[in-house]
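Undergrad: From first to last, the protein sequence lines stand for chains A and B. For the first sequence, the working numbering begins at 1265 and goes up steadily by one. For the second sequence, the working numbering begins at 1265 and goes up steadily by one.
Since the hints were derived computationally from the structure, they do not count as laboratory data. Don't take each hint at face value.
Which copy is meant is left open, because identical chains are indistinguishable; a pair holds if it fits in one copy or across any two.
DSS-like mimics (lysine-lysine), calculated; alpha carbons at most 27 Å apart, straight line [stated by the list, open to error]: (1) Lys1483 - Lys1534; (2) Lys1296 - Lys1467; (3) Lys1428 - Lys1505; (4) Lys1505 - Lys1349; (5) Lys1468 - Lys1359; (6) Lys1534 - Lys1428; (7) Lys1280 - Lys1403; (8) Lys1280 - Lys1505; (9) Lys1404 - Lys1363; (10) Lys1296 - Lys1403; (11) Lys1280 - Lys1470; (12) Lys1280 - Lys1404; (13) Lys1470 - Lys1363; (14) Lys1468 - Lys1296.
Number of protein chains: 2
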Amino acid sequence: AGDGDVCEVSGFEVKKVLRDCAREKTMFLQGKIAEKEAVVILEKTPIHVDTLNELFRESQLTMESNNDIYTTYCLQPPAHLNVIKTTVVCPATEKHVRKYQEQETVLVEETAEDYRTITLPFLESQSFSLQWVYNILEKKAEVEQVVYEDPDPKLGFILLPDFKWDQKQLDDLYLIAIVHRRDIKSLRDLTSDHLPLLRNIQKKGKDAVRERYGIKGDKLRMYVHYQPSYYHFHIHLNALKYNAPGTGVDRAHLLSNVIQNLECDPQYYKTRTLTFPLRELDGLLSHFREPKDSAKL
Amino acid sequence: AGDGDVCEVSGFEVKKVLRDCAREKTMFLQGKIAEKEAVVILEKTPIHVDTLNELFRESQLTMESNNDIYTTYCLQPPAHLNVIKTTVVCPATEKHVRKYQEQETVLVEETAEDYRTITLPFLESQSFSLQWVYNILEKKAEVEQVVYEDPDPKLGFILLPDFKWDQKQLDDLYLIAIVHRRDIKSLRDLTSDHLPLLRNIQKKGKDAVRERYGIKGDKLRMYVHYQPSYYHFHIHLNALKYNAPGTGVDRAHLLSNVIQNLECDPQYYKTRTLTFPLRELDGLLSHFREPKDSAKL
């Protein structure tokens, strides 16, 4: 590949901006490279501390505005200090394009009956495989990743790093606690019967993180997603300082609130309306938009 | 100033990294410029669509890895296409340094009694001025900003853009609904008596946003903060697609959940333990860490 590919990317013809993340200085593009469909991802790189001296000495500076003690400049660093990480997918399929395409999301308000008549039948029709979860629980995969295990079949769980965490720094610590029991699909299934399980994960999860990583319980965010990305009950744990994707109030439920809500109302999550975002192309959304079926009439 | 200042920044001596936002490609630095204390903020700029052709044609490309259809490159753009926005505060005071300094936050679990014995006395001792809020409600300030008003003294509110929103695009739409009544400090004061007020804001707020901006209710996030940044009850509204700061599950409470919780338990927010983050330097935190006073014994 080598040189051949390099020439190709420089000949990339942009057809469409799939997504523009101004805050993250990242852009997803669709186009063609030598007649082949391609997706190109551009991401400016973080500023590196050890290049700062050269950056200030060797850059071209243009003052843009000045007000009292505040001055802004446009700084043009030497090219080698300011690179863009570029990822090329080529040839790209429709699936790649859809993956990176910005999608509108909508908030869905799911009543208890909606869950029973729309969401649950949809989930059951999808038959998502949980084999990868069972492989972890049965020690057939990611064994060396396990941070902590409570093997109890009713109250136990396995704690391990989320795949999004590279484990190189604690700033973005992200772990998952996966319960051993296999009969809880999501938050919707929880009742006060599960309080011993939830309290066990809350206590032992915090203890394990403090022992292994030195992060105390009050600097740890523990929450569940609804909808989750897979329907085997699990709890997310991150460093509080890390604004991980998926910590928004639209989708996350703090473990401490879940416990308290079940303490006060054993059927809280069986009876309430739960609000969550769905992407426009999510199969579940179309079911919410269809005329309700006759079961509701 | 002009040229003189330009020379100064290029002579900036870095003493300390105050904050490093790798995800946003931004860095906050403390140091000296010609013996004067200075804070310098570096922020890589977003990628601009109209420079893409030149970017691909004129950059130097180095292949870094290749796996099947995925290839990554290091791209060195011409310096003028890849600038860093630089803001200089000089001379900077201790207050500037503290403002930009990364601060640890901790999660606090505030029981109903903690609120009564710690938080409420602390708030009352601070006597934060709400004059700027009253100026808005009395039409003495920001009159031309008002998007919608329901003037009812019990159920009414004023809807206006949050100061963080520049109103140039709808992607990051951010509005605030400020209630006319002045006797609700925060979420903690709400009971089922306030349900007509909350439902009124939910309905009329959504209607006003749809009429003025064309954004439908299912693409709008409505929530309150606890702790709020000021103790006059208000509700945040943003475009669902915008991950605004403060939408995290640590601090935000969805309006639809607040309404539902009060419908099921009129004293929900008067009795529950509420979890929220506090920065290490927040005055309130020290009160939570002090030995509880004798009132609790």
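Undergrad: Indicate, hint by hint, whether the structure satisfies it.
TA: Going down the list of hints, with the structure as the test:
{"no.": "1", "hint": "Lys1483 - Lys1534", "verdict": "between (30 Å within a copy, 25 Å between copies)"}
{"no.": "2", "hint": "Lys1296 - Lys1467", "verdict": "neither (53 Å within a copy, 47 Å between copies)"}
{"no.": "3", "hint": "Lys1428 - Lys1505", "verdict": "both (16 Å within a copy, 22 Å between copies)"}
{"no.": "4", "hint": "Lys1505 - Lys1349", "verdict": "both (26 Å within a copy, 25 Å between copies)"}
{"no.": "5", "hint": "Lys1468 - Lys1359", "verdict": "neither (41 Å within a copy, 40 Å between copies)"}
{"no.": "6", "hint": "Lys1534 - Lys1428", "verdict": "neither (31 Å within a copy, 38 Å between copies)"}
{"no.": "7", "hint": "Lys1280 - Lys1403", "verdict": "neither (45 Å within a copy, 45 Å between copies)"}
{"no.": "8", "hint": "Lys1280 - Lys1505", "verdict": "between (35 Å within a copy, 20 Å between copies)"}
{"no.": "9", "hint": "Lys1404 - Lys1363", "verdict": "neither (30 Å within a copy, 49 Å between copies)"}
{"no.": "10", "hint": "Lys1296 - Lys1403", "verdict": "neither (44 Å within a copy, 55 Å between copies)"}
{"no.": "11", "hint": "Lys1280 - Lys1470", "verdict": "neither (46 Å within a copy, 32 Å between copies)"}
{"no.": "12", "hint": "Lys1280 - Lys1404", "verdict": "neither (43 Å within a copy, 46 Å between copies)"}
{"no.": "13", "hint": "Lys1470 - Lys1363", "verdict": "neither (35 Å within a copy, 30 Å between copies)"}
{"no.": "14", "hint": "Lys1468 - Lys1296", "verdict": "neither (52 Å within a copy, 47 Å between copies)"}
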